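Since chain A is already given, all that's left is putting chain B on it; use the hints.
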Amino acid sequence: MTPKKKFLNYSYYPGCSLHASGREYDISTRALFKVLNMGLKEVPDWFCCGATPAHNVDELLSLSLCAKNLSLAEEVEGDLAVACAACFSRLKVTQHHLKEDQTKLKQVETAIDGPASLDKPVKHILDILARDFGLGRLEEHTKKPLMGLKVACYYGCLLTRPPEVPDLDDAEDPSIMEDILRAVGAQPVKWSHRMECCGANFTLSRPGVVLKLSNAILESARLAGADCIMVACPLCHGNLDIRQQGIKDKQNAQESTLFGNIFGSEVQQPGGAGEARDVPIFYITQLAALAMGVPTDKLGFESVIIDPKPLLREKNLL
Amino acid sequence: MPQEAGPLPPKDHTPVARSAVKNKLMHLSNETMNKAFVKKVEALSGSSVRRCFQCGKCSAGCPMAAFMEHPPNRVVRLLQLGQGQRVLAGRSIWYCASCETCSTRCPNKVDLASIMDALRKLSWDADGPSKESYVQLANRLFIENIRTYGRQYELRLGAAFNMKSGQFLKDLMLGPKLLSKGKLKMFHSKNKNIAQIEGIFKRIEEMRKKGEAL
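From first to last, the protein sequence lines are chains A and B.
Here numbering that gives the first Met the number 0 is used: the first residue of the first sequence is 0, the next is one more, and so on.
Here numbering that gives the first Met the number 0 is used: the first residue of the second sequence is 0, the next is one more, and so on.
By construction, these hints were calculated from the structure, which means they are not laboratory data.
Since the structure is predicted, the reported quantities are computational estimates derived from the model, not experimental observations.
Certain hints may be false.
[Said to hold, decoys possible] Listed below are the simulated SDA-like cross-link pairs for lysine to any residue, each with C-alpha atoms no more than 20 Å apart in a straight line:
no.: 1; chain 1: A; residue 1: 105; chain 2: B; residue 2: 64
no.: 2; chain 1: A; residue 1: 211; chain 2: B; residue 2: 64
no.: 3; chain 1: B; residue 1: 176; chain 2: A; residue 2: 305
Chain B with its partners taken away, still in its complex shape:
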């Protein structure tokens, strides 16, 4: 897991870069299908993608489908066809709200919410080609906060997000309002057992280095 959230990489809006992966014609062969990637997704999520028969119930109920270029059912279809890179190149996985409506309604018990988690982890670990950097930045800061403070420190979360994403004016008027209502705390006391949290992070990293955990 990346340690420190640095400034965001410059945005790549060139039409070539986007369409290169996303809209390229699909030729299916042993060379173009990355089956190892799909196996990894299945191992991480504990759910098979092959059980899906494309009824589309997941996408019908998905509150975020309107924001995705690949709606949930197509994500599964692309995985079935070994096209994991196409999925990772888009924003779909980062626009999933983890509401689990899809997993709840799937008639074939494809746990799409867990598959999305697995895809995000693989993209995260590989510092993947996804363009959705805001959600990734927010996640990174959230986890950093746990490591530093043991609990969330919402004021720092918001301030750091605005600084690092370059949106200095985002929700500027909300800050003072929330402070005056007592909903944001100016200062945050660290958890007394903070060393134990650092231990958890370290031991997970060690396990991953030794190859004992995914």
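This is chain A alone, in the form it adopts within the complex:
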């Protein structure tokens, strides 16, 4: 896995979340690329990729939005680096679909009023780190190995599915995150929920769904003895980090709800079985950049809800 070129240059599609709720992902991605001496140039005036809501109700719209973004990306040199798992999935799916389906390609070209360019390689940050940059070089560049940090690597849904499209890793048993973590000295744990859905965009419409699914993920990580969870998707991060307090509140309140009081729950546990411990959620780029010696104030930790600093202090990583 030795890189062909000495200097890697990428065009960059951050996506909407990275400019708002996932800003620390954007900050740490830029910091990581800088410290690894890789070029990263944002695509000018990119649009929203449509994410899940667009393809949920209007596939043609979703394909057209992504095709438009892909042709905008042609203006910048280098493979297209994408950090958000949803954007990555949509852009890849669009390339795949339009190459196979000539009728849809025609409709999309009418919609974007120009030719669709489908040949620019779209790469997720994980792919760039593990394959383009290379695990060996990653290990060499590590200045501050994340010794003793037990990490649960959470893939979520869109990084590897459907199996024929993203070409990132195995659809059922990927290991790319664990490989990168080992290269920077951390210790990935074995756990059950690394591919389960976090509730994704139900966070707006049906937060109850997110509370239930994300709780299962957090519980599984705690059981496996993980200190923290690592993600590569701003939506997963939002659900696990922003909603973590809500999840705890709901767990604690479950026995004392109005419903429970009226119908009489059999087990009365005031206060529950003790407050579950906080699980900080990191982006892959935050952990990798930390290991490369980037100072912590340049990793966007101030934007995270569950403060990771106590954990990092405990592990002597600050």
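Here is chain B on its own, set in the frame of chain A:
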């Protein structure tokens, strides 16, 4: 596609209305089986429903099956039997998270995730009888945001959702917290190429009017 997200229609919780479609006894005949609908679903999704032999792997792995009245494998079975209306009358299609676990694991390569997309589109276009209006409202606002701003404007998304769904207190405490962390932006700058996005929306609408696209 509906243009403006209006207020939600009043909820219909009458037992008759729900059970009318959902629990009615199924008599299969040429009259009761809507095969044209199934053909439309297959054309939109590019996947056949007939290949399914009901192994149930999709439902076993589905993270949302617990929230659905028809789990994924039953959705396909109902389609095989030409009972598309029963599927659209429920919430199942709107409770699909699009995680694609089903499509990944199907031994017969039934692309259930795409079938769900197709069903949602047909329900959406027909302003279908589905009771799941929150998810539909969220989708509508999300797409409206793309059309107006070119990118997502999360503060407006959340605020508009609460206003239009009547849940004024939903996640009220999260807003200020996220604002102070810089995770929500108070103001949003429009994309400079916003006219191009409007063009895409318009041309898609035109194509559909002319019957050139589904």
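*Is residue 176/B within 20 Å of residue 305/A, Cα to Cα?*
Distance of about 12 Å is within 20 Å: holds.
*Does the structure keep residue 211/A and residue 64/B at a Cα separation of 20 Å or less?*
13 Å, holds
_Next pair to validate is residue 105/A with residue 64/B; report whether the Cα-Cα distance is within 20 Å._
36 Å, violated
Going down the numbered hints, you'll see the structure goes against just number 1.
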